[in-house]
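Trainee: One-letter residues, chain by chain:
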Amino acid sequence: MAVVAVDRQQGFAGRRGLRHGQHHLQSLAFLVPGAVLLLAIVVWPTIATVRYSFYNGTATKAVGLSNYKSLFSTADTLIAFRNNVLWVLVFPFVVTVIGLVFAVLSERIRWATAFKTVIFLPIVFSVTASSLVFTQIFQLDPHIGVMNAIVQTVDDWFNPPGAYPLSAGQTAASLATSGVVAAPHGALETSATVKAGGTVKMGLTGVNPDTLTVLGARQARLPAPFAGAITGLVWRDFSVSNPSNVSGVLPDEDGFPNLHVSLLRSDGSTVASTTTDAFGRFRFSNVGPGTFRVQIQASNFKPSFSGTFWLGPQSLTPTGNLGQTAQALLSVPLIDISMILAYLWIWAGFTMVIVAAGLAALDREALEAAHVDGATEWQTFRRVTIPMLAPVLTVVFVTMVINVLKIFDIVVNLGIDSSQPGGQSSTLASDVYYLGFGGGVHTGLASALAVMLFVLVIPAMLFNLKRISGK
Amino acid sequence: MSQARAVLSASRRHKLFSIAALTGLLGLAVTMVPASISTATPALGHIGGSVSLWAEWTSTEQQDFEAVLSPFQAETGVNVIYSGKGSNMDTAIDAAVAGGAPPQVALVPSPSTLLALAQKHAIQPLAPVLGSEVSDYGSAWNNLVTYNGKLYGVWFKAANKNTIWYNPAEFALAGLKTTPTTWQQLLTDAATLKRAGVTPFSLCTDIGWPVADLWQNVYLKTAGAASYDALAAHNISWMGPTVTTAFDTLAELVGQPSYLLGGTKGALANSYPTCVDKVFPKPGTMPQAAMVIEGDFVVSEIVGNSPGYTAGTTGAGGKKCTASPAGTPCYDFFPFPAPAADQKNTSAIQGAGDVAMLFKPTAAAKALIKYLGSPEAGEIWAHLGGFASPNKLVPLSSYPDPVTQADASELQHATGFVFSLDDLQGSWEPSLWQDMLNFVKNPSASNIASIQKTMQAQATAAMGH
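Residue numbers (my numbering), protein chains in the order written: chain A, 5 to 475; chain B, 311 to 775.
No wet-lab data here; the hints were simulated from the structure.
Careful, some of the hints might be misleading.
Cross-link-like lysine to aspartate or glutamate pairs, in silico, EDC-like; alpha carbons within 20 Å at most [stated by the list, open to error]: (1) B:Lys763 - B:Asp558; (2) B:Lys592 - A:Asp281; (3) A:Lys306 - A:Asp413; (4) B:Lys670 - B:Asp374; (5) B:Lys592 - B:Glu562; (6) B:Lys575 - A:Asp281; (7) B:Lys575 - A:Asp256; (8) B:Lys592 - A:Asp256; (9) B:Lys670 - B:Asp652; (10) B:Lys629 - B:Asp711; (11) A:Lys306 - A:Asp214; (12) B:Lys592 - B:Asp558; (13) B:Lys751 - A:Asp145; (14) A:Lys65 - B:Glu371; (15) B:Lys630 - A:Asp145; (16) A:Lys205 - A:Asp281; (17) B:Lys680 - B:Asp711; (18) B:Lys487 - A:Asp256; (19) B:Lys630 - A:Asp159.
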């Protein structure tokens, strides 16, 4: 750039008729401050980085190409390469398309300025702030994370949870204490059979007292036997005053209200179903002869939707059984997709504005000619607008490629699976930072990564430079 | 002997601290030597000049530390130019030494930084400066900062990671009246909590460092401090039996998904300090688990969530502890328990600390070092809270509540003190954290074996042996 500027100045000055030598000195004098700055803060660090990339972790011993070898052989760096490739493949294309769609739409709606302002707004926030906002949006806990709150609401609508939802990792079988055994499909049933006139006691634990309080539970009471009927009690078989006592119905133990129970014949067929009262009691009247079992239905324990870990390392591609290297190269962790979504929100406004500027500068005659010739909206858009916009779209695309090649801020700030080397969302730039300045310092490896990153950015940079100087 | 030491200490006491000194044994000592109160002979006297001082503390901690420094400045007339470097303290010191312009005095959070500087002769031995004050610290502390038989550092602030924090109201829901003293009892109590419908643990995982802290506690309690130091220096193989034992022991806990809030999936999404908030929530939400395993620094998060949290097992105003943070909530801790067969390791403690070192032996800098090593300096911050001193002469009564007292008492009486092993691993620390997360994800015996193999390879590559 500097060279180009000097050439132009020379040409200009030459026409003015200054003597060549005098002009040369003058321009050199003007160049010195800028050149010194450029040398000190760009050229020298670049050279130093290349040099350090051939040294060990503490920059004390030359190690030849070993840093570059480990770049391509350790799973940690391969993950970073993979993530950079994923970003470059997905993000620039999608953000350009979204920008184009928004730009075209904004030309055809009322309140276009308001619309554009809202879409453009995220670009004025710092990426760190946006990342923190999205960390909340993607939280696992549906009480905090909006994404999971939406999914939970919809999920609960179609699959309502039971009155006694199991906590994560808990099984219905683990709730059974006295008189209860696990039945197939997550149900529980009486351990012994019962006949008409009998009473069953079914003790359960593992349920928080708050759950019972909310359901209006009262102190557990064993129902009296009733002629021709089977009566029973389901109660919280855990006494705060005597935690080691299991099986006895103690005064500080409550019944399980609102529990769906069924009466089963010995062949497994259902005779009747009922729900327990506030004291945990139930009764099946006129059951007839034979032996029965009482079952507590699995639906009582159906857990609520527990949330998708949007910022988690779980892969969208089935790579679980592959080796470490193949996993590093082929996994697509969900956190990458969540990050790309957040980054789209940030950058869509920018691409929209650039494309909209391009649209405004389009030759309207060509569009009108297309309409006159009977082209449909889509044909006009596809065959006239896009080709004419191509230069603008290319600039946007290439800028975004460079932008995401060195993607860093959102990677470091969004999510906890993290951006540490080896973390599923780490990228080249975040690895450079962490290896160079963060926890595990290895100057050599960090420098080698930085050189790799530089090499990768060069083609895109040259392309843009060529376009600029071409104009 | 200890009384004689206390008398000595009292004679060094500035009158500013006489209120604190009027309690307990020290109070007795002061009445025995009344002259020390009325004349208040300052040990240091007027010196003048200035001294540059670096430490990691910024914002609130910086204010607290400046409160510690102000009596020193008033007494000696020395102008202390303090600079808080935040979490970059070690890097900043290394850079300053390399650039030839270190501060005169600095406090670093890692003894390995200090030992490296001692090796380079960048810092001064402290025994001549401190004199008898050297013995105010347990040998576990002094050994950490001794190089070639010479003491190079004086400890000022310590953190205790040998702690499990619990919500007393949640323990009460399960009828638990005492806290566990063995690992086995901890697991039994966890089972009791689960039977009461209380999730026992909010396991902090974050990017792996809290799991590393937890694992290191288990390793220290099962293998002992000597093995711990050997493993930290990679003189023990990561595939060795002591490492396997520690993983197997911890698997008894993390291998029970129902003991962990949100199961294994939830645990892996539990970042710090959110994991603390799940046990000690802000008003408006209820606790979701009973215990959180991390160092004593969780206290600032707890009281930050609500100033209503009372230290101990009795709520504000002598009321019962409530689960609801809007009522009279409480927080308390118990020491990380050793397995029944390894009770000898009970007083071996994992922690962290800030150690002061002397770069330039000017009169003012030496006086500052002496002051930082005195119980007076520690007492000021102890009163302000969020601080524990490893100095035996800082009276426990100067800490604001019984929980901090118990915390500081543990630190002062540690028979072994080890630093976080992960922080000593250099470039493979992040990989170690990943390995720990991998362990939480799948704590099966086969995965433990494969993790140990990976860790051995990583440690060998990073540490060169």
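Trainee: For every hint, state whether the structure bears it out.
Mentor: Going down the list of hints, with the structure as the test:
no.	hint	verdict
1	B:Lys763 - B:Asp558	holds, 15 Å
2	B:Lys592 - A:Asp281	violated, 35 Å
3	A:Lys306 - A:Asp413	violated, 41 Å
4	B:Lys670 - B:Asp374	violated, 25 Å
5	B:Lys592 - B:Glu562	violated, 31 Å
6	B:Lys575 - A:Asp281	violated, 35 Å
7	B:Lys575 - A:Asp256	violated, 34 Å
8	B:Lys592 - A:Asp256	violated, 29 Å
9	B:Lys670 - B:Asp652	violated, 45 Å
10	B:Lys629 - B:Asp711	holds, 16 Å
11	A:Lys306 - A:Asp214	holds, 18 Å
12	B:Lys592 - B:Asp558	violated, 35 Å
13	B:Lys751 - A:Asp145	holds, 19 Å
14	A:Lys65 - B:Glu371	violated, 40 Å
15	B:Lys630 - A:Asp145	violated, 30 Å
16	A:Lys205 - A:Asp281	holds, 14 Å
17	B:Lys680 - B:Asp711	violated, 28 Å
18	B:Lys487 - A:Asp256	holds, 17 Å
19	B:Lys630 - A:Asp159	violated, 39 Å
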